[in-house]
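Student: Model the full structure from these sequences, guided by the hints.
Protein chains in written order, with our numbering: chain A, 1 to 634; chain B, 635 to 902.
Please note: incorrect hints may appear among the correct ones.
BS3-like, lysine-lysine: derived pairs with alpha carbons at most 27 angstroms apart [to be verified]:
1) K709/B to K648/B
2) K760/B to K781/B
3) K496/A to K713/B
4) K496/A to K711/B
5) K496/A to K709/B
Here are the computed distance ranges between Cβ atoms for each label pair [unchecked claim]:
6) L388/A to W708/B: 46 to 52 angstroms
7) W387/A to G788/B: 33 to 39 angstroms
8) M763/B to A551/A: 51 to 57 angstroms
In short, the hints are calculated from the structure, not lab data. Where is the CB? At the ideal position from N, CA and C, for every residue including glycine.
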Amino acid sequence: MLAAIKRPGWTRGALGALAGAAFGFGLVISLRAISGLPLYQTEQTGYPHVVVPLILAPLGFLAGFGCFDYWLRWAAGAPTIPDDHSQHGARSWKDYFRFNTDHKVIGIQYICTTFFFFFVGGLMAMLIRAELAQPGTQIVDAATYNSLFSTHAVLMIFVFVIPVFAGIANYVLPLMIGAPDMAFPRLNALSFWMLPLAGILFVGSFLAPGGAFDAGWTGYAPLSTGAPLGQSFFNLGVQFAGASSIATALNFLVTIITMRAPGMTFWRMPLLVWANLSTSLLVVAATPFIAGAQFMVLFDRLLHTNLFQFASGGDVISYQHIFWFYSHPAVYIMMLPGFGIISEVISTHARKPIFGYRLMALALIGIVVLSYSVWAHHMFVAGMFSWLRVPMMLTTLLIAVPTGIKIFSWLGTLYFGKIHTYSTSMLFALAFIVTFTIGGISGVMLGMVPIDIHVSDTYFIVAHIHFVLFGGSVFTIFAGIYHWFPKMTGRMYDEKLGRVHFWGTLIGTWGTFIPMHWIGMDGMPRRVEDYASQFGNWNLMISCFAFMLGAIQLVFLYNMIVSWRFGPKAPANPWRANSIEWQVSSPPPIFNFDEIPRVVGGPYEYGVPGARHAIMAGEGADVPAAEPSVVGSA
Amino acid sequence: MPAASMYGRLPILKMLAAIIAMTVVICAVMLSINWDGQAASTAAPKIDDLLNVMIIISSFVFSVVIVALFYALWKFKVKPGDESDGEPIHGNTRLEIAWTLIPTIIVLFGGGYSWKVLDEIEEPVKDAMTVDVFSQQYAWSFGYPGKDNVYSQGELHVPVYRQIQFKMHAQDVIHSFWVPEWRIKKDNVPGITTTAIVTPDRVGTYQLICTELCGFGHASMRATVVVEPPGQFQKWVAGLKEKVPQPLEQSVTQDTETNPPPLTAGGA
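Tutor: Structural data, given as structure tokens:
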């Protein structure tokens, strides 16, 4: 027992969480006692004796779990425990539940955790659609309904789409650039372990008095500053998800910039690497804004600052400016890594070099730059300065140009190729092109101020974001999971079940989200649990498709679990792809490469006679000994 | 691979014909539907026209993508057993410039057109009538001009064919004022006065919908809008007994305008 307490792990983690909570609770109570205040403050925006423990318990868990051990010893001047690399690799499923610094283990931890929250958030979507199947209030009351759609959005955005891309890239990207690991493996592990904490805070808010946060994922002040305790869970969950996101982005930036294999110039990087470079640039600069915005809301709630309190001179609209200054780039944070995945999948399965590779990379950078100058298009009817609308409209419309370049270049890649459609990943990639085009078109319409004035905050918006985030991001996530499943697990998945999942998802997506455009334009506002009876039939149909879409995801889950356990063994390179991760075994060796590969050409040289992307160790006598690789020791 | 020979092997004219045919079919269907529902303000037909123009352009863009995708899938799908690679074409500078420039021109056209529509629908006129809109969880009320400051709850009356400038005030959280038939929406923000300009041009009864999440009563936060001939409107206003209550009156006098004229705000 004592050994379990001394050793980093779950026992010490649980004790750390308890100690953190107890310390936080004691601190609040004793400070209040000293000040002569009532011990418990239970205004609905208050509860300091709950909120402070909510900050310290997760930190206590992280410390107990071992996330800080090495750093704390180093900082304290104590002898650090040298890495014996026993933390690398996963020998049994139990190893995925440990603090592990191997990027491949962390990648799988990320993906499994995020898909867990995907299914939780999906269940909430099913409840939402069940309520909306008929006008009137049937299943949940209005307050619960508000909690459900708020939590659904928050889970899907903060603990599914954004981090699942980090998970896929975590696994694939170091292999792709010929690196033995990420630049900062311990930071990488810490980034992961903050994520489930964020998810637990979001879901746990249902236990708070007054119910889960219900001000939407946007949490506009002053609705959020006056909301019940659950809102504080949201404010804090975003901090953990955001810190996780920022730390990972820094890690990716350093990894990509400093750890590419010899010969891999910027113009020889696969587009997935370019995509994650761009995404990380967005995350490090934009995510602090949402962290700040949520802290400001928390301060308004707990400390009675008046940042967004109009009655005390606060500025209500400034919340939206700060929030969207993050949350619009966040849309691209949720899309650019997917663009990278689609480029890999399409080039590989069309057996063709990417059409216009350099313009594809520059388009990503163009999106990064433009995405910082479009945030106020979410606020065309918000009552902000009216002169800001036209410039924001023009930048918003212009961002369609680099996005269009990507669509056309993927299409160009298909021409004169040899298109293989046997793999589910390629089906999702091709469907993504069409579905995302629809989302892009409705996005351009929304960018136009007069149209936006009419359809803003209606089901047209719901249709648009789901076409972009589900038909866009989630399709690319499925494409990526199917594409790299053999590499990650060493097993092949079942293509037949993959096809069932694909067609069900495609039909479900269109059936669910296409009609939402119509009812939105015709007058149905969003975020309502009850609506005018004229929309009843449409909503019933949407709900039926949504249930189908939800049910078909179980096929995916079954396919993944059963194939991981029992699927046929995967060869190293089942898709005959060029990039480096396919040149090592499936799954890759614990340290990725015996010798660092040497990159001699572009990543997509399909059909070029004699062209190579990388020369692996042991190939040819002219391969120089690999330079000693530096694994970061931060 | 030289560019000319690459294009030469594609049936460009046939593909173009397919794109145009598909565009025409989609437009024929899409334009025959009245997406936005009944129009009841002078702004509505302008916004609907913009939407229709966008539908035409979008149909074309969508057709380009679909035809290009399905032609590629039909023509370049691998034959069973073929393990070879495609042709090593890395790009085509002229084509890449084209699909950068043409979309830029299209979206800038859309931007210019939208700008023009925006200016037209928000053009203030001199004899506009000002109506105060008050919103609070979860009810709408309205104050009408005149020295009496008369007031109605849950029911908004306005005269037809006269520009109304709605001055909006929120008492607690943000609400949003939307009459779908007018195509006009504006948030009501605590602490500031926001403005929406509408010229109703169709007599009738409509619904005012709150479109900004404002709490558990959000879905039921509705009001009735009656657009009627000026005479009837005058009579209705004259019959109102209630005055704008003191706390609401305060928000009218104390709230700041969101949009001070840019150069005069600083006293320049």
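Student: It remains to establish, for every hint, whether it holds in the given structure.
Tutor: Comparing the hints with the structure gives:
1. K709/B to K648/B: 14 angstroms, holds
2. K760/B to K781/B: Holds, at roughly 19 angstroms.
3. K496/A to K713/B: 20 angstroms, holds
4. K496/A to K711/B: Measuring from Cα to Cα gives roughly 19 angstroms; hence the hint holds.
5. K496/A to K709/B: 24 angstroms, holds
6. L388/A to W708/B: 46 to 52 angstroms: This hint holds: roughly 47 angstroms between Cβ atoms.
7. W387/A to G788/B: 33 to 39 angstroms: Distance hint for W387/A, G788/B holds at roughly 34 angstroms.
8. M763/B to A551/A: 51 to 57 angstroms: Check passed, 55 angstroms falls within 51 to 57 angstroms.
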